[in-house]
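Note that the protein sequences, when read in sequence, are chains P and G.
Just so it is clear: in the first sequence, position 67 is 102 by the working numbering, and no numbers are missing.
Just so it is clear: in the second sequence, position 166 is 222 by the working numbering, and no numbers are missing.
Check each hint, because a few of them may be wrong.
[What the hints assert, rightly or not] Here are a few chain P residues that face chain G, going by a calculated C-beta distance under 8 Å:
hint: 1; residue: I74
hint: 2; residue: V124
hint: 3; residue: W209
hint: 4; residue: I276
hint: 5; residue: T300
hint: 6; residue: L326
The hints are simulated quantities; they were obtained by calculation from the structure and are not laboratory data.
All C-beta atoms in this analysis are idealised placements derived from N, C-alpha and C, irrespective of residue type, glycine included.
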Amino acid sequence: MAASSDTGVDFRTRLQNWLPKLVLSPSLAVMLIFVYGFIAFTIYISFTDSRMLPSYEWVGWQNYDRLFRIREWNIALNNLAIFSSLYIVISTIIGLMLAIFLDQKIRGEGVLRPIFLYPMALSFIVTGTAWKWFLDPAIGLENTMHLWGWTSFQFNWIKDRDMAIYTIVIAAVWQSSGFVMAMFLAGLRGIDNEILKAAQMDGASNFQLYRRIILPQLRPAFLSAFVILSHLAIKSYDLVIALTGGGPGNATALPATFMYSYTFTRNQMGIGASSAVIMLMTIAAIMVPYLYAELREKS
Amino acid sequence: MAVASTDTAIRSSNWSRMLIYLVLLLFALFYLLPFGIMLVNSLKPLEEITGGNMVALPRTWTIEPWLSAWSTAQIGVEPTGLRPYFINSIMMAVPAVLLSTIVGALNGYVLTKWQFRGSTIVFGLLLFSCFIPFQIVLIPMARILGLLQIAGTTPGLVLVHFVYGIGFTTLYFRNYYAAFPTELVRAAQIDGAGFFQIFRRILLPSSGPIIAVSFIWQFTNIWNDFLFGASFASGGSAPMTVALNNLVNSSTGVREYNVHFAGAIMAAGPTLLVYIVAGRYFVRGLMAGSVKG
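Work out the full structure: start from the sequences and follow the hints.
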């Protein structure tokens, strides 16, 4: 009797010891299949001659070779460079400025902050719909200016091959600069006021305070903003679809729209897969060192 | 943000304060304008939009565009309005949000209170999945959904959003539970409480805020998703964002801008409502997803 209850306890403790791993293992399995297995599969496909359906005919680097000779892909990469650099820089500047301004004991901060941030709650499709029309010369901003008597006013970037990519920047900045503001504001509120007061006693000007004390302390916020914005930029898909559909022509194509159209509408799955791999590598180059550093700091 | 009370010690002159207020108000206008104008114009008859000024208030107020967008507008080939797609999105988002939150809570609990050799690596693997470009999984996912015979259905989308939501929910709960005193867990363990008992009696009762964050953030992400919806849901099972895009970018017939705007606001409605009601948690979710710890 005593012996059997002993093994019962043993079994229970052993189960208790295994439970945590047991609970975690389905998630791990799901990740290994749906994330890492899928990544491996897509990488494999990128080395095959898959067209409409996956094929397992190995063709080596041929897809990558062809990919970088396709004009639309080069346009997409070029656009991504323009879009992501402007998007990151402008969002950071606006976000930092709004955060610093809001931090000056502003009356009505409680009203302004949610106004700056609400676009982040919207779908890019909604943002795209709103801006598409706002920027449409026939009924939007240009037309309004004409009706108000400023007849020489021209703003037709969205119809202009060379300028359309900048309309994507405008809409994307509109959507996420408030978010950057929130990140910087949290950083600013974490700065010790005693240091600032001490520096003021020593006669430091406001500009010096910001340059020498405040901005350096915001470095983690800068880094996070950069990482988040760059990863959003590389993934950008919905906004382009809703705002310009990649047009005029393919003037606003981005890697994400290229991947989708080559894989699903042009039946060039091998090429599509190779473009997805390039996107993954770009994001991994930014995210892996960042995540590694974050995790190491913790432990 | 509760920290809002600790203002800066910086002092500024009256002139620069005026300038600051001016800039802040201009930006408030910049953020409000596109959506505000869309709202106003969704209440105008079409001819007032095409022949009039977008910033003018409607001369004739009408809710006709809203009714049309909801129940009669042409989406794709069917004149169903957006209502069925709105329901699709709810049927997709609610189970996916619940499932990913439950799993994330348990994962976070294990990763903080029952650490084992290699648990940091497991967390790293989960974390990286938050940031992959989903283009990398589209091709195999289409195959798997086909094999499971849920391609082009709402359950298929629930699966997809559940799977790719686990990383984020785990991150939230892990960071939250990391601050929870481990001594309480150990004490309960000595008293003979089991794995699930400790979770239910000790951690869960104080998890309210992080559950709210997880619900809101997952709901916002899933509701607003377009890529998965466009890739894996066809025709009648499409979510709201895909239906809205079909409505706005359909090339046939007269462009009924007012109907488009009403539809866009409907698509934005649920997440906007969540933001207005629980903005505090929304901001926390944004932060937790970016500044870890």
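To see whether the hints hold, each was checked on the structure:
At about 5 Å, the closest approach between the beta carbon of I74 of chain P and any beta carbon in chain G falls short of 8 Å, and the interface hint on this residue holds. Annotation: V124 of chain P was flagged as interfacial toward chain G, and the flag is violated, the nearest CB pair being 17 Å apart, outside 8 Å. Annotation: W209 of chain P was flagged as interfacial toward chain G, and the flag holds, the nearest CB pair being 7 Å apart, inside 8 Å. Hint status for I276 of chain P: holds, given a least beta-carbon distance of 7 Å to chain G, under 8 Å.
About 11 Å separates the beta-carbon of T300 of chain P from the nearest beta-carbon of chain G, more than 8 Å, and the hint is not met. Annotation: L326 of chain P was flagged as interfacial toward chain G, and the flag holds, the nearest CB pair being 6 Å apart, inside 8 Å.
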